[in-house]
Amino acid sequence: MATDDPDSPHRGLAHARAAFVYGHADEDAGMDAEAQSRLDAALVEAGVRHTTAVYPGARHGFTMADTGAYDAQAAQRHYAELEALLRDTLERP
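Following UniProt numbering, the numbering of the sequence shown begins with 1 at its first residue and continues without gaps.
Taking CB as the label site, the calculated pair distances span:
id : residue 1 : residue 2 : range
1  : ASP4      : ARG87     : 30 to 38 Å
2  : GLY12     : THR51     : 13 to 21 Å
3  : GLY12     : ASP32     : 15 to 23 Å
What the hints contain is simulated information worked out from the structure, not anything from laboratory work. Glycine included, C-beta positions come from ideal geometry on N, C-alpha and C.
Taking the hints into account, I'd like the entire structure generated from these sequences.
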């Protein structure tokens, strides 16, 4: 999501019109703290509406109930944050 590569997805955020919710697993080698910071900075720079959170102790895939990475508490929190974003977005005039 946020690498040094020239085609990294975070580089296109300036063109985004959506709101974003990012729930980062604390234990995710593919999205470490440096990448999370890079993504957060790009979201702020793009001026898009967003929330980001890091879920302590959660592993990559923590929302998928049929995997060993599932973390019920982190998943519940993430889905509540996502639901709040959807509710707020859909209720806007």
